Each structure stands twice: as C-alpha cells, then as structure tokens.
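Sequence lines, in order, name chains A and B. With UniProt numbering applied, the first sequence covers 1 to 555. With UniProt numbering applied, the second sequence covers 1 to 555.
Just so you know, these hints were derived from the structure itself, not from any lab. Take the hints with a grain of salt, since some may be wrong.
The list cannot tell twin chains apart, which means a pair is met if one copy fits it or any two copies do.
What the hints assert, rightly or not - Distance condition first, Cα-Cα at most 30 Å in a straight line; then the derived BS3-like pairs of lysine-lysine:
#	residue 1	residue 2
1	K353	K24
2	K24	K396
3	K383	K226
Here the structure is a predicted model, which is why all the values come from computation and not from measurement.
Number of protein chains: 2
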Amino acid sequence: MTTVKHMKWWGWGVEGVAFHHEDKPDFAPFVQKVVDLDVNIPPVGAMDLAELSVPAARIPGDLVAELTEVVGADHVASDDLDRIVHTYGKSLRDLVRLRAKDIPRIPDVVVYPGDEAEVQQIVDKAVAADAVIIPFGGGSNIAGSLEAPPEETRPVISLDMGRMNKVLDIDEESGLARIQAGALGPDIEEQLGRRGWTLGHFPDSFTHSTLGGWIATRSSGMQSDKYGDIADITRGLHAVLPGKVLVLRPLPSTSTGPSVREMILGSEGRLGVITEATVNVHRIPTERLILGYLFPSWEAGIAAMQEISTSDAHPTVTRISDSYETAFSFATRKKSSGISKLVNETVMKVLQKRGWNLDDICLSFIGYEGGRADVSRQKAMVKDVVGKHGGIVAGKGPGQLYDQKKFDTPYIRDFLLDRHAVGDVSETAAPWSKLIPLYNAVRAAANDAFDKIGVKGWIMCHMSHSYHSGACLYFTFAYKHGEDEVLAQYDIVKGAIQQAFVDNGGTLSHHHGVGVEHAPWMEQDISAAGVHFIDGLFSAVDPGQNFNPGKVVVK
Amino acid sequence: MTTVKHMKWWGWGVEGVAFHHEDKPDFAPFVQKVVDLDVNIPPVGAMDLAELSVPAARIPGDLVAELTEVVGADHVASDDLDRIVHTYGKSLRDLVRLRAKDIPRIPDVVVYPGDEAEVQQIVDKAVAADAVIIPFGGGSNIAGSLEAPPEETRPVISLDMGRMNKVLDIDEESGLARIQAGALGPDIEEQLGRRGWTLGHFPDSFTHSTLGGWIATRSSGMQSDKYGDIADITRGLHAVLPGKVLVLRPLPSTSTGPSVREMILGSEGRLGVITEATVNVHRIPTERLILGYLFPSWEAGIAAMQEISTSDAHPTVTRISDSYETAFSFATRKKSSGISKLVNETVMKVLQKRGWNLDDICLSFIGYEGGRADVSRQKAMVKDVVGKHGGIVAGKGPGQLYDQKKFDTPYIRDFLLDRHAVGDVSETAAPWSKLIPLYNAVRAAANDAFDKIGVKGWIMCHMSHSYHSGACLYFTFAYKHGEDEVLAQYDIVKGAIQQAFVDNGGTLSHHHGVGVEHAPWMEQDISAAGVHFIDGLFSAVDPGQNFNPGKVVVK
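Only chain A is shown next, with the shape it has when bound in the complex:
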C-alpha cells in the first residue's frame, strides 16, 4: 500500500506525540484559574476506528478500475482508515465531529498519483464520470476546505498528492526552485538545504502541510516578514484542468491582465489540481538570530512593531504577544528554560521598580537574518526603537525556546478536547491604525460570547506578521465546553470573533483560507461584487462543479 504518511485520523500530528503538562509546573494552576478546568481529571480514552460506522463507498466499480489502471493498485485506497483520514482537515469542528462519529459524507476512494500525467488522467476520468475531486495535501487545513458537501450524491475522490514530494530543479542563478505540490515543509527544506538553499516558509503547520496546500489557501509563515507570504514566493505553477494543464511560467513580474497566478492562489482546489510550483528560494543566511523583548504594555509593543516596519531594519520575524498570551507562555515554561531564567523574581522586581505593571507585560520576538554585519546593524536599530517605546531586550533564551517549540502548539487542542474543553484559533489582518480598536472589539465580542454560552472563557493574542501598512493579529481562545451542543457553543464564540474582525476593518482570515467555515463572511469582507467575481470565475472554469464544490463562496 501507499507509503504516504498521514496525521492521526482523530487529531493533530504524529501518533505517539502529544502535549504533556507534567513537566510544566505552572500549567495546571494557570488553566484552573483562567478556564476553571482541572487538567488532572482522567482524559477520555483513545478512540477506536472500529466504533465508527463508515458508510459504504458510493462509486461505480468501473471508475475505481479506471483510476487503478492509472496509478496502480498500490496507490488506490478504499479502506476505512484511509477514507476517514481524508474526510476532514484538522479544524476544531473537524476534531469534534470525528469524536462525535459524525461523518455524513466521506470520500469513496483515495488516489495517490505519482506525477502530473497521472493527475491529468485521473482528472479526465473523474470529470467524464461526473465525480467530485478533492485535492488533499497534508490534511492540516482548519477552515473546512477538505470536506465533501454532506448532500453530495456523486462519487467523491480524494486526490492525495503525497507521492509528489520532490524538489525537481533549482535554478541557482535565479533563486528559483521547481517543487512538486505534494511536498511537505520538511521534504522541501531537507531537499533544498542539502544544496544550501531555503524556501523560508514556516507556517505553524509546517511539518504537516504541503506547498500545494499553502498555495491553495494563501499561507503565510513565521518568517514571511522577510520571505513574503506564499503569494509573493510563488512565481510560476502548473494546475491540471480537464483535458489541459494551466502553465504559468516563472516570472518575477508581469502585466498580462488579471493575474491568473493570483486566481490559483487561494482557490482551495476549485480551479483544478495544483501539481507543481516554481518558487523563490534563498541561500541559507550566514547569521540567524531570534531575540526576545519585553514591553510594558500591548499598545507600546504594537507601536514599536509599527515603527520597526517603516525603519531601515528588515527583520525576518516581528511578533508580540499580548499580556494574556505572555502569561500563558510563562505558564507553559518547563522547570528550567530560557523563559524561566528570564522571568525570575529579580528581573520582575527591576521592572516593577521601573513602574511596570507585571500583569501588562508583553513578550515579543524579533528575528534577524543576513550577513553578520547586517544582523548587528538591524539589532542595534531595533533596540533603539524598542527602548523608545519603553521596552527592553530579553536576550536569546526566549527566542531559542520559541524557535524550538513553534510547531508544537496545535497538539494542545487534542489535550483539551480529551478534558472536555475547546481550544482554537482565529486570525485576521488590518491596517496599523485599526489594530488596537479591532483587538479590543474582538476581546469584548469573545467575552460576550463566553457569557452567552455560560462558560468561563479565555482569549489571548499575538501579532504575528508586519507589513508596511498593517499586521496580522492571531487570537487563541479556550473554555470548558458543555456536554452536548459542543459545536453550537463553538459557533457562537468563533462567529462572534469573525464578526468582530470584519466589523472593525480586519479580514476574515489572514492565512487560514476560507473553506466552508469562513465562507459566510465573504460578502462582508470583499463585498457582494467581489463574491460575484470569484463565483463567476469558478463557474466559468468548472461549470460542472467537479472540483471541491462548496468552498470559498456559498451559492
């Protein structure tokens, strides 16, 4: 059978890896305090696939035979595990539905093509049979971009791109690499790194997401301040459509009408199957450094980030947590760590003497890359700006710690669900002038929603990316859920946050895409005319709605 590895069918990440709190002494009391949850209660037991009643496949045998002829029997799967793995992404809603054994429409077959020619044949045969094709990368999507519509009566094919995971070519003179769409983050960095190059794209989902998935959802990474969002990085691409391949050659820039490249970006499988892309790559920098900083308040920290964004420094990472997320970071520190050294009582006493309210402290990380001299120059420039806004340098310790644990956060959601609590995220972007009012409005909306559903809720935030004209705010929220109606409760909280985004000058999503979960806010974000543009494009390119129907815009 296929050698493509998948995440746990019921949760985030690799089997055997999970979030543990036992080595983090402040975690349990913190969680008790903020959401009234005792994390030491017995967690729910492991899930058993056999308990799910998996519906029989609704696909003609002829079509399966045709698909098998294309890719070979080893690369077609219709067992329960494979079908369940490809049913959803990993949104909170997905995890809750799996736990509730709620799987109304699961793919009928999973196909693993080995190259673009096979994708072309699969697409042609599927469309000829009026089947639905859902391209599948790492399966990490958290916006509902991977599920078949519950009412779908046509055969549903999950097209898993996992075998197409190679860096095909590096054009060293141009700093461009041609990479297959199914390559996961680590595949890419390992293959590029061997030759001294990096893509520089590190979303939280890095270990479990693919180049094709990043493009299909307009991903952004932790170092996008320097390397750009995936929309900037992607210079050329291939996408398979019925009977033909869309070929966009790699170009640094062009003025050939409305950008077809920018139509595929964010298309979430609705405009064909992305098979490869040619992307900007960079020489691995001589020097790489992430420093921690502390600010006396959120407002001071955001003002500093804004000033840095218009300075002559060009940091790789600009990130600052609000006081709530800072408190959470402190609470998740291990017994001995950089952070614990940092935030020892001595430092805190010094800050108190300087007039800081310790409850308002905000932890920031700023990253630098380049030649040694340039990193020093930027660091000195940033230090001045930080000082001007009342902040202090906290050194390398917190930065290294952040760098090491940055991909582990998503595991906490399963830990919480095991203990009858919800933890989830929602992100936006807005102009600098709107960030603080938007932040306050989102907090108020979330707290109102917590009251409405009668829970003690928690919401925290960090600013994760800077642009010339604004930044991304990334919120995390949690609460102990009720016995029933877990999703009804969740929708109230999540909906309140999304509504506060669009009501306050923010976008409904900075880098998580739209899927079905964010689609209801599309008209409020890009106006009815904008939705009409996208819908018109989808209908023109895919009149039969064979490609991942129902995502991005709701008819």
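Chain B: place on chain A using the hints.
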C-alpha cells in the same frame, strides 16, 4: 467646458514641448550612423484637426441627455477635439494612425464624472442603453487599451476620470492614502508631498498617467525595486459595476480565496470603472541619491545587478543600459553635462588602459533612499559588488542627469515620426538565468526583422527593475520607415520582438499591459487555460461586453 487637461491630440506630452537635438551636438551624427537618418531634413508640418473627417456621433440623444443630467452640461463633450483625444492612447500605432487620419471608430461622447456616485449613474444608464464604456485616465497607454473595436455599432462613451484627482485621506499611522483614480502622478505627489509623504511610483509616463490607469494596466515605476509595483502598492480599491460598487477594504494581506484585488489589477477597464484606491505611502526619505556606474560589459553589469538583488542592500533603483543604449545616452548629452564631464577623454583613456573595450561600456544607475547611515551602508555594499564585477563608480553627475530627464524620452517618437522614422519600445521580464539568452535572441530577432523589411535598424536595451528571481529588460528600437505600409513594417519588427520574449522565457509585457496590441501572445505567455480563466471572468462579470470590449483577451 471641462478643466481637465489632455496631451496633444496628435502626439506625446504638452503642447509647446518637444524633443530638440540642436543643443546635443553628437545626436545628429549618431542617428545618421545608426539608422541612416538625417535629422536636419525638414520635418513634416504641424497637423490640423480640421483635416480629419470626424465621423458623426452614433449615440441616441436620449442617452446624451441622461448623461448630461448626471454630470452637468460642462462635463459632457462631443466636439471633435475631445472625441479625437479620447480615440486612442499614445502607442506608436496610435500616433501613426492619427497621422494617417485613420480613425474608424471614435467615441461618441466624452463624460467627465465628478465623483463615484456620478460614475455609478453613468454606468447604470450606459449599460441600460447597451452602450460601451471605455474608462480613460491620462491617455498614455501604449498597448491599444483605449480604442473602441472598429466594428463596434453600439454607442461608445469615453469615461474621462480627470476630475477625480484628489488625495481623499492619509492614514498616517498605517502609511496608507485613499486617492481618486483620475489623479495624475504630479497631482498625487504634490498633494502627498505637502504632508511629507510620497507614493514612490514613477513610471516613464508619470506626468501623463493616473492611479486608475496604473492599476488597470499593472504599472511599474522607476523606484519599484523599493516601493513595489503598483500591484504591491495597491491595498484596497473601489470599482463601479452595474448597480453596485466592488469595495475591497485596505488590507496588508488576506487569504480570502482568489484575489479579487489582483483581478482588477490589469483588468484594463473590462471589470468595471476603478474610482479610487487605497495605496501604501511612505514618509519622504531623509536621503535620496542616484549614482552612476560603468561596467566593462553587459554580462558583467547584469551579473552585478543580480548579486545586488540578493545582497543586504536594498536599492531604490537598479538600472543598467547595454552598450548600445549607453552610446545613445552619450550621444544625447548636452554640451556641458554630468555625463560629458564623466566621459571625457581622460576617463576613457584610463578605462582603455584597464583593458576595457570602449564600445562595450555599459552605464548603470543605482538609487538609494533611507536614513543617512543606511544610504552610506548600501552604497558601500554596492560598491564592493560593482568592483567584484569589474565596474567603477562614475559619481553623482550621471545620476542627477538621469533623474532630471527621465520623463522626456517619450517625446522622441514624435520627433522621429516628423522625420519619417519609427522609434518605439517593448519590455519584458524573465528569470535572471534567462536574461542574457533572451537579450541575445531579441537582438537577433529584431535585426532579422530589420533585414526583412529592408531597413537599417537600431535596437538598444536597459535593465530597469530587479526582483529576487529576475529582472525587466526594456528595449527601444528605431528605423527609417517606408513611404507606405508604415504599420505593416512596424508589426513585423514589434512582432518579432514580442515573439522572442515569449519564446525565451520572458513575459509579453512587464508593465505596459496587454490591450489589443499584445493580446495575440497571451496564450503563449499564460497558456490556453490561463486565457480561459481571464475570459471566463470577464464574461461572468460583464456578460453584455459593455466594459471596454476586446482588450486583454481576443475571442
């Protein structure tokens, strides 16, 4: 009548301004040598509008009355001059056709709206009457984006945006300005500059092109290395469609599906009327410097530009002329200028002693902006790279000269046409690894085309913009045209150059747009599927083909 100023109806720029060679002693012998043209022959006489037989307007009086009611009698024009001014852009083909009195389909009426509400009313009334709307900015387009299809039988309305020329708002915290689409470059810089801001967008057409036009054609400017192309600069926008306004709020980044912003960019009027945009603006920098450099060869210069693009320097301008354009620059120097000082015999002798072949010298300009320290740092870094590739610093003189005369070049085309010669431009962009082969192929193709039409032709080039993965090559060509068949000859030369672009990994246009002139190469550039995407979008948004039909894609 309207206070909106237009360019000469028959040529580029302002009445009374023209290219003169009398103060440039080397120009006449240079032109004689390279295209066998005696520039001292008597030029053709001034054109007389009365000699054109302007077709009567084909528009119902009711519709004109309705439009007049919307904007007022002062802002509707149907006199010959106004209609002729709005018939074409300023491409070589446009200038030749005007000189040949070839005006098969000119607009029936010109309307000058004062605000977005008026645009909405005009659009609604025009579409209700099944009229064609052609949005008109500065009229500087050189790709045939402004002409009505010759066979168009419906009423044609030229919608001149010239009255909508205000900076509406500056969000100083976010570095964003809301600007009306009809604002010309100088309007924008003057209104922003008063408050210490700059847009930093300076295309060659700057003095005669508008924000809306830049967006509609995906413009790029001389300082786009730093400020970005107009596609990067534009963060939000409004466009009027029948019965509604597309509103894209200003966002630093977003992941809301295929980018509608990037659909309007490059739409050339086919997706509605752009009425305003919110764009990134920057504080006017403390320091601004453009330095000249000399390289012993084109290959050495391009290699240096590539290395600078991946260095820790972030120049505002990176530009290098090939040896042919360098010779042209030297030939257009005035009696006493920075360049003349520079290229005096002493310098040349020194370079010869260093082993340079003086025929191969390439002149480069690199621009810097920022704080004083940062400009010094970048300058030093660039100097090292230049030296490594055998180049030398030529100082401030050439840079200042370039900066002063950068908007004057387009006047030469009329000067040449007056003397029975053609001069025109064509630009592309390609990855660094393809630039030199593409350059050689374009030169060969142009020279073959010159042979084919039996002329002594001249082609020269500069690299005008650097990106991480490639650059823009901007070609200028000239020859003495025949008595008849001026456009047939021209099409052979221009077509050969365009074909060489797409055959060698370049795009058909880096920043001039598509219009009707570049449309034949669209499939070769973005593939048949890409054209289908754009065409499908246009048909979905404008099923009646009321908005500037026939541009970008040819049905």
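Each hint, compared with the structure:
1. K353 x K24: Within one copy only: 28 Å inside, 72 Å across.
2. K24 x K396: within (21 Å within a copy, 61 Å between copies)
3. K383 x K226: both (19 Å within a copy, 24 Å between copies)
Checked against the numbered hints listed earlier, the structure breaks none of them; every hint is satisfied.
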